[in-house]
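Q: Below are the chains, spelled out letter by letter.
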Amino acid sequence: MAAQPIVLFPCGGWRGIPPGQRSWLEEFARKRKLLALADDAPSSVEQISLEQLGNVEWSSASVIVMHPAWVHIAVPLKPRCLIVMLPGPEQAEEELWAKCRSWLCAYATLVVAGSEAFYLEQSFRRGSVFLMDGLDETSDLFARQAVEWHIDGFESDTLIRLQQRHRANWRQELLQKQEQAADSSSSGYADGLFYHSVYRYLTGEAELARKLLLASFEQMLLEGRENTLQNVYRFLSAVELEQGRLQEAVRTYGYTAQGQMEWGYAEQLTEWLACGKRELVKAQLYALNDDYRKAAALLEPLADEPEARSLLISTYIQMGRLGSAFSLGEAGHLKTAGDRRQWQHLQGTALLLEGKRHEAIHCFLSAGENRQEELHGMIELAVMDGVARELTQGNKEAN
Amino acid sequence: MANGLGKGGRKKTANKLTAIMQVRNEAGRYLEAALADLSGFVDEIVIVDDASTDDTPELAGSFEKVVKLVRNKESLFHKEWLLRELLWRAAEETSPDWILAVDADEFYEDYAKGALRELINQDEYDTVSFRMYDFWDSVTHYREDEWWNLHQRPMMTLVRYLPGYHYAYPKRAHHAPRLPFTYNALPGLDTELRIKHFGWAGSAEERQAKYDRYMKLDPQGQWGNLGHYASILEPNPRLIRWQERDRNDE
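Read top to bottom, the protein sequences are chains Y and P.
Counting from 0, one number per residue, gives the positions in the first sequence under numbering that gives the first Met the number 0.
Counting from 0, one number per residue, gives the positions in the second sequence under numbering that gives the first Met the number 0.
Please note: incorrect hints may appear among the correct ones.
[Stated by the list, open to error] Simulated crosslink set (DSS-like; lysine-lysine; CA at most 30 Å straight-line):
| hint | chain 1 | residue 1 | chain 2 | residue 2 |
| --- | --- | --- | --- | --- |
| 1 | Y | Lys276 | P | Lys78 |
| 2 | P | Lys112 | P | Lys215 |
| 3 | P | Lys11 | Y | Lys176 |
| 4 | P | Lys67 | Y | Lys276 |
| 5 | Y | Lys176 | P | Lys78 |
| 6 | P | Lys195 | P | Lys78 |
| 7 | P | Lys209 | P | Lys15 |
| 8 | P | Lys78 | P | Lys170 |
| 9 | Y | Lys98 | Y | Lys77 |
| 10 | Y | Lys210 | P | Lys78 |
| 11 | P | Lys78 | P | Lys11 |
| 12 | Y | Lys334 | Y | Lys355 |
| 13 | Y | Lys210 | P | Lys10 |
| 14 | P | Lys72 | P | Lys11 |
| 15 | P | Lys209 | Y | Lys210 |
In short, the hints are calculated from the structure, not lab data.
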């Protein structure tokens with residue numbers, strides 16, 4: 000097993016890798032065959048160029064990707080194991096990188112998130128997600144162990160649950176320390192309560208999640224925070240779903256709805272509920288709470304029904320699972336020319352991720368229909384190509 | 000919505016308006032007038048009597064629109080948030096649509112009363128704020144100065160009751176808000192509609208007695224401002240004559 004290669008797609012040469020992860024990878028290289036697309040890789044790591052990627056036996060290779068711009072190169076290789084190890088998004092991250100991040104994570108076999116917010120977002124989209132943010136040694140250890148298990152061909156479900164529980168307890172201890180220090184008026188306390196609530200939701204402790212969520216909501220209101228109804232209270236509807244309280248969940252969402260689109264969702268939920276379409280109601284409510292993973296699980300068995308299929312397609316797109324979305328849908332049901340162009344654009348991206356670069360370009364061009372401003376797909380592809388090439392260089396940082 | 004409800008399931012028509020009030024030894028003051036006034040424009044009234052030693056509960060119970068009267072055997076005056084919660088739970092049991100939180104010495108101007116049905120039969124907002132004027136030394140003038148300017152900012156007294164919503168009061172022994180603070184998250188409307196507060200409209204002796212009570216309850220200014228307490232005894236406050244208005248004034 001040790002002979003199976005691991006190919007690293009870095010985030011700006013070897014020096015661009017955060018120091019903690021770099022030393023861990025160097026240690027890794029002593030036990031396993033590690034190759035890196037980095038012109039400044041140390042002697043223990045074998046350098047590989049973009050042009051040499053075709054020489055690797057990918058059916059037995061593992062890949063570690065550290066920047067979203069690699070998505071169109073790493074995903075089509077179809078390695079045995081695709082590990083995505085990304086920091087949390089920077090503030091005001093460019094839309095292109097946010098999309099690439101989403102697609103990359105969707106196609107990965109394992110995601111290791113560098114920030115808590117990113118970790119929780121991914122936990123609501125897929126399984127096999129770990130957090131490695133350097134704040135808690137034990138927690139980081141679970142993530143490193145998971146990487147090794149995946150490379151060795153093992154699942155990491157047990158470790159996921161262990162890390163979630165550990166992290167929930169870690170959050171609890173932090174809150175208790177703040178309470179003992181009478182520091183509960185600081186903004187970190189209210190956010191801590193919210194994060195703790197989300198962990199308890201993930202670990203299936205719905206009643207505790209509910210209590211923590213409401214405490215967080217109260218604390219944020221006492222601090223005069225804005226948009227708490229949508230940003231915090233709405234999540235109560237997801238917790239109520241977990242508790243089997245469907246009617247209450249629909250009502251809670253309705254209280255938090257704002258603007259025509261959300262009022263429309265609230266109305267649709269009420270209508271579906273009245274018609275007995277309970278699974279659709281649940282799936283939509285999970286999706287409206289960004290828990291696309293649970294939404295998709297409910298919708299997949301119902302995919303033959305038009306309403307469920309339509310909701311499943313949009314859920315897959317939100318999850319970054321473009322291939323799954325296109326296996327279900329056709330552009331014909333799309334109402335406006337803009338919708339159809341967007342659909343073709345996404346189809347082009349799905350083809351690109353399958354490694355069908357020429358078909359993807361054809362799709363992007365069709366979406367453009369000779370309109371310069373609609374040639375986003377082509378422009379984005381050129382940017383991704385350029386940045387990926389720069390990421391191999393240790394003396395440059397990706398823009 | 001298909002079920003006749005408005006945005007987010009909010010009821011847009013035929014909403015019931017329920018006034019809620021906590022009282023204690025109010026029989027010889029404005030309570031009778033306040034309940035008579037409320038009976039003219041609300042649908043139901045819910046009252047918690049906080050262990051009055053006079054005829055307050057009998058007086059309150061004599062009004063037809065008082066549908067629920069809870070009588071405390073022991074006063075919760077020193078745990079005001081519990082008193083507020085008790086009143087809230089009592090109101091919840093009457094299945095209200097909208098709740099108007101009133102004190103026994105408050106009177107909505109006619110113009111405001113006329114606007115109330117329009118304010119509650121809609122689906123845009125869940126709270127309504129008014130302007131509270133502190134009448135001073137008489138029922139013809141209100142006070143306006145550095146310490147007495149409550150009417151210059153909106154005060155939430157009217158709220159939609161949303162079943163199942165999370166309602167909470169801050170655990171304050173005194174000066175607890177009259178409505179759950181979790182309403183602050185919901186969409187609200189600030190109006191210029193006015194409420195007349197007659198709590199300070201009595202004699203100088205009554206104000207002195209109130210001042211003495213505040214200083215006894217809160218000598219360190221823990222729950223209120225000591226400067227504000229002291230201003231109660233100001234010999235020459237700035238008073239402005241109240242001008243009644245009706246809808247034609249707009």
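Q: Hint by hint, say whether it matches the structure.
A: Against the structure, the hints:
no. : hint                    : result
1   : Lys276(Y) <-> Lys78(P)  : violated (47 Å)
2   : Lys112(P) <-> Lys215(P) : violated (37 Å)
3   : Lys11(P) <-> Lys176(Y)  : violated (47 Å)
4   : Lys67(P) <-> Lys276(Y)  : violated (40 Å)
5   : Lys176(Y) <-> Lys78(P)  : holds (28 Å)
6   : Lys195(P) <-> Lys78(P)  : holds (27 Å)
7   : Lys209(P) <-> Lys15(P)  : violated (35 Å)
8   : Lys78(P) <-> Lys170(P)  : holds (8 Å)
9   : Lys98(Y) <-> Lys77(Y)   : holds (19 Å)
10  : Lys210(Y) <-> Lys78(P)  : holds (24 Å)
11  : Lys78(P) <-> Lys11(P)   : violated (36 Å)
12  : Lys334(Y) <-> Lys355(Y) : holds (27 Å)
13  : Lys210(Y) <-> Lys10(P)  : holds (28 Å)
14  : Lys72(P) <-> Lys11(P)   : violated (39 Å)
15  : Lys209(P) <-> Lys210(Y) : violated (40 Å)
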